[in-house]
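Residues per chain, in single letters:
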Amino acid sequence: MLEESFSSGKSIFHKADARVKIIVACLYILTLVLSYDLDRVLILFIFSCFLIPIARISFLKVLKRLIVVNSFVLFLWFFLPFSTPGTPVFHIYKFVATLQGIEQAFLITLKANGAILIIVSFINTTSIPLLGYALDKLKFPPKFVLLFLLTYRYIGVIFEEFNRLMNAAKIRNFILKTNFHTYKTISYMFAMILIRSYERGKRVYNAMLLRGFNGRFYSLQHTRLSKYDVYISFITFFIIAISMFNQYILFFVMKLIQ
Amino acid sequence: MGTPILELKSISFKYTTSKEYILKGLSFKIEPKDRIGIIGANGEGKTSFLHVCVGLLNPQEGEILFKGQIVKTDKDLISLRRSIGLVFQNPEDQLFSPTVLEDVAFGPLNLGLSKEKARDRAIWALEQVGLSGFEDRITNKLSGGEKKLLSLATILAMKPEIMLLDEPTTGLAPSTRETIIHLLNAQDIGFVIVSHDWDFLARTTKKLFVMEGGELIEADMDILHKHYHAHPYGYLEHEHPEKKIL
Amino acid sequence: MGTPILELKSISFKYTTSKEYILKGLSFKIEPKDRIGIIGANGEGKTSFLHVCVGLLNPQEGEILFKGQIVKTDKDLISLRRSIGLVFQNPEDQLFSPTVLEDVAFGPLNLGLSKEKARDRAIWALEQVGLSGFEDRITNKLSGGEKKLLSLATILAMKPEIMLLDEPTTGLAPSTRETIIHLLNAQDIGFVIVSHDWDFLARTTKKLFVMEGGELIEADMDILHKHYHAHPYGYLEHEHPEKKIL
Amino acid sequence: MHISEGVLSPPVLITGAAITLVGTWIGLKNTKAQQVPLMAVLTSTFFVASLIHVPLGPSSVHLVLNGLVGILLGFGAFPSILIALLLQALFFQFGGIIVLGANTANMALPAVIVYLLFKKLCISEKRRNRIIGGFLSGSISIILSGTMVALCLFFTGSNFNHAAKTVLIAHVPIMIIEGIITALVVDFIFRVKPEMLLGTEH
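Chains as they are written, first to last, in the working numbering: chain C, 1 to 258; chain Y, 1 to 246; chain U, 1 to 246; chain W, 1 to 202.
Please keep in mind that the hints were generated in silico from the structure rather than gathered at the bench. Any given hint might turn out to be false.
[Claimed, not checked] Cut-off 30 angstroms, straight-line C-alpha distance, at most; resulting in silico cross-link-like pairs (DSBU-like, lysine-lysine):
#, chain 1, residue 1, chain 2, residue 2
1, U, Lys19, C, Lys227
2, Y, Lys33, C, Lys170
3, Y, Lys33, Y, Lys206
4, U, Lys19, U, Lys72
5, C, Lys227, U, Lys9
6, U, Lys24, U, Lys9
7, U, Lys19, Y, Lys14
8, U, Lys147, W, Lys32
9, C, Lys143, W, Lys32
10, Y, Lys206, Y, Lys141
11, U, Lys19, W, Lys126
12, C, Lys137, W, Lys29
13, Y, Lys207, Y, Lys14
14, C, Lys255, C, Lys137
15, U, Lys147, U, Lys72
16, C, Lys177, C, Lys143
17, Y, Lys24, C, Lys170
18, Y, Lys24, U, Lys141
19, C, Lys227, C, Lys10
20, U, Lys141, C, Lys64
21, C, Lys143, C, Lys61
22, Y, Lys159, Y, Lys67
23, C, Lys143, U, Lys115
24, U, Lys141, Y, Lys14
25, U, Lys115, Y, Lys141
26, U, Lys206, C, Lys202
27, C, Lys202, U, Lys115
28, U, Lys24, U, Lys206
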């Protein structure tokens with residue numbers, strides 16, 4: 001369930017430094033979400049699709065992720081085409097869909113999915129612990145980084161704990177239904193796990209204390225920039241530049257053809 | 001002999017994360033009121049075997065028959081779990097209610113008993129394990145031994161025909177261990193006990209199986225005789241209840 | 001004998017939530033390179049005793065001397081904890097870093113070692129426990145046995161003079177248990193091992209104490225002799241390394 | 001509910017990010033180094049809770065429990081929820097990076113509000129008060145979250161009105177479940193481990 005299925009590989013995305021990837025991915029996504037021009041969004045989206053093969057990630061796996069994410073986008077498709085004023089295109093009963101509404105829903109779809117493709121190729125090609133260490137290097141507050149790393153560390157442990165309690169309930173013939181007994185049982189399990197987590201939190205702090213923890217956070221990760229970071233940055237800035245100046249480029253290409 | 005309560009037919013099981021099978025073509029029968037001990041080194045799949053028995057793990061190959069019927073649907077599983085109770089090794093994994101009574105009544109309530117009957121059943125089960133008067137105690141504040149006894153009571157309260165116990169004596173004080181021996185012998189139901197505690201098995205079971213290479217192999221009960229003094233508290237004062245030994 | 005590394009003088013301790021004292025006037029000494037085993041039933045305060053030794057619990061009465069000096073200030077505690085490492089029973093509580101190398105290097109970095117030296121120390125410690133090559137693995141994906149070995153490495157990396165181990169073999173596969181026996185015997189430091197596993201103690205320690213009634217009472221090492229066959233795998237093929245026994 | 005990337009307008013994104021930034025700063029400032037492991041394990045637990053699906057009629061909903069986060073962590077709800085959502089974005093690609101500020105604010109601000117309003121009630125000696133306090137914390141934080149999501153959409157553009165209203169209505173059944181579960185959990189914790197709510201022990 002908590003597999004980081006994209007984090008291991010040998011593409012340039014996997015080899016690049018996590019700090020660089022975080023920064024350029026944020027720039028890329030920012031450009032994408034703040035673009036409202038169809039051509040520009042299309043260019044940014046199409047390029048984001050090419051990132052997946054460059055990162056040597058299976059398209060099928062990414063597609064599975066996209067389906068889940070698109071539930072919110074789908075939800076908006078039920079409203080936006082019909083609630084945006086503009087040129088009518090078609091109607092269902094008394095609801096009139098407009099060109100402007102469809103365009104906006106389409107833009108959102110491209111942006112949401114493009115952003116996911118960027119996160120998958122840039123960010124998910126680094127394991128979560130290494131991302132944490134990168135946040136440390138990017139001068140995020142030590143407490144924040146520590147919180148991030150420790151939370152990641154204990155998700156699996158607590159997930160297992162919950163599964164074991166759920167199994168214990170199952171063998172006592174517990175069946176999930178829409179009733180108070182079910183809600184009560186889930187509340188009890190969850191409260192019990194919270195209490196044990198509280199006790200565990202104290203033990204973990206003790207373990208840290210015994211190894212000299214004094215509130216400071218160290219990381220062993222070496223940070224060296226490589227040619228891969230240059231490639232990654234170049235790819236990103238190239239894409240952003242093309243999207244920004246697409247009209248001029250188109251104009252120039254047209255001229256050449258003529 | 002009649003129909004066995006549970007029958008496993010050439011079961012093979014592996015965890016999805018692992019390549020190797022942990023149970024390999026295992027066949028096993030539990031007849032009514034059987035008293036079976038299972039020994040074997042750690043990592044041999046004794047716990048996985050118990051979890052397969054109650055349908056918490058699904059074997060890749062083989063069949064499970066409950067009272068002669070193949071277990072297929074969720075409904076079959078529910079009736080199987082009515083009859084076969086599993087006590088986990090770690091009581092912490094089994095107890096999740098704030099108070100003792102609520103935890104013991106949880107199973108009977110799931111079986112469809114009325115609140116009153118469930119309460120009676122819970123009080124009876126607590127009596128069986130020697131925890132009468134603990135009804136309103138906070139589960140989380142019990143000692144390790146009391147938690148163990150309570151986890152036994154939660155299963156006894158469902159009146160199973162067979163009880164599966166996973167390492168029931170690990171880390172217990174000698175007195176609690178003694179309580180468990182007496183309470184198990186007082187029940188008129190079957191048991192399958194997985195344990196490293198030889199003396200405990202000698203005093204509670206009548207058949208012995210060894211888990212090795214993913215299979216259960218019947219062993220001679222004499223093994224336990226030879227190791228009679230092998231229990232963890234041999235250095236403390238203890239009785240030798242000779243009559244209990246086969 | 002010289003000065004003991006750690007000396008507990010008539011320590012009495014109780015939890016604030018409890019009325020009864022769990023340690024009652026306990027006195028105990030650990031000399032350099034001592035190899036001490038501690039046995040006793042659950043709930044007798046063996047774990048509390050270990051936690052008192054490293055200052056995680058504060059006794060209500062008595063004194064703790066580290067190398068002859070009374071431990072009072074936080075500074076005293078820090079130097080005590082540099083020399084005395086505690087390995088928790090549950091490695092999940094001890095391994096808080098997401099990756100293996102970072103976890104082992106955490107202690108050395110806090111001791112003020114440079115990144116390079118801390119890394120070397122971590123790699124050395126991983127080698128000691130047989131986990132070379134595990135540096136970049138994700139802690140959460142290790143097996144139970146690997147986690148246990150890793151938790152030993154995190155303490156070894158701090159080069160303690162004395163290592164306290166709380167039930168180091170509980171729930172381990174025989175091969176991991178064997179690895180731990182060999183690695184402990186290969187270290188040139190002292191140990192205090194709390195365990196139910198007699199055979200393990202017989203093969204790793206030279207003195208034996210029993211925890212009973214809130215006190216530690218020296219016992220005869222012969223107890224382990226008599227029960228030499230008492231280890232959990234007695235029925236499996238096994239060697240009897242006679243030379244290891246006193 | 002996680003808002004996807006690319007939906008909200010820049011002013012809404014900036015406001016959300018600003019609220020989250022200030023809230024997280026306060027939350028971290030109030031947290032001592034020694035409380036970080038505790039907060040982390042509780043955050044992991046809430047992350048796991050968000051994976052639990054509770055049946056609701058023919059369908060099921062996953063738990064949010066931001067009211068409970070607020071009651072247990074106070075302003076710590078901001079860093080805790082921020083990290084939980086960040087990990088959800090990394091593990092499952094829910095939400096997004098640029099929209100993270102708004103998504104966090106939508107859940108954490110209600111958590112802090114119910115903390116300020118109902119914490120006293122949740123630690124009352126009277127069981128009835130605790131149940132009421134827990135229920136209000138759970139349900140009001142959810143409906144406030146729903147309102148904030150709706151407001152985010154509303155301020156993005158007037159053509160989002162209908163979607164915003166629907167989001168709000170969809171939160172009503174969840175509000176009841178979350179209320180019940182929060183009430184039961186608060187009461188359980190008070191009975192079994194009161195120091196967790198009272199903060200008398202570190």
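Hints, verified against the model:
| no. | hint | verdict |
| --- | --- | --- |
| 1 | U:Lys19 / C:Lys227 | violated (66 angstroms) |
| 2 | Y:Lys33 / C:Lys170 | holds (24 angstroms) |
| 3 | Y:Lys33 / Y:Lys206 | holds (11 angstroms) |
| 4 | U:Lys19 / U:Lys72 | holds (25 angstroms) |
| 5 | C:Lys227 / U:Lys9 | violated (63 angstroms) |
| 6 | U:Lys24 / U:Lys9 | holds (11 angstroms) |
| 7 | U:Lys19 / Y:Lys14 | violated (49 angstroms) |
| 8 | U:Lys147 / W:Lys32 | holds (29 angstroms) |
| 9 | C:Lys143 / W:Lys32 | holds (9 angstroms) |
| 10 | Y:Lys206 / Y:Lys141 | violated (36 angstroms) |
| 11 | U:Lys19 / W:Lys126 | holds (27 angstroms) |
| 12 | C:Lys137 / W:Lys29 | holds (20 angstroms) |
| 13 | Y:Lys207 / Y:Lys14 | holds (27 angstroms) |
| 14 | C:Lys255 / C:Lys137 | violated (47 angstroms) |
| 15 | U:Lys147 / U:Lys72 | violated (34 angstroms) |
| 16 | C:Lys177 / C:Lys143 | violated (41 angstroms) |
| 17 | Y:Lys24 / C:Lys170 | holds (26 angstroms) |
| 18 | Y:Lys24 / U:Lys141 | holds (25 angstroms) |
| 19 | C:Lys227 / C:Lys10 | holds (14 angstroms) |
| 20 | U:Lys141 / C:Lys64 | holds (24 angstroms) |
| 21 | C:Lys143 / C:Lys61 | violated (34 angstroms) |
| 22 | Y:Lys159 / Y:Lys67 | holds (17 angstroms) |
| 23 | C:Lys143 / U:Lys115 | holds (20 angstroms) |
| 24 | U:Lys141 / Y:Lys14 | holds (17 angstroms) |
| 25 | U:Lys115 / Y:Lys141 | violated (44 angstroms) |
| 26 | U:Lys206 / C:Lys202 | violated (34 angstroms) |
| 27 | C:Lys202 / U:Lys115 | holds (28 angstroms) |
| 28 | U:Lys24 / U:Lys206 | holds (25 angstroms) |
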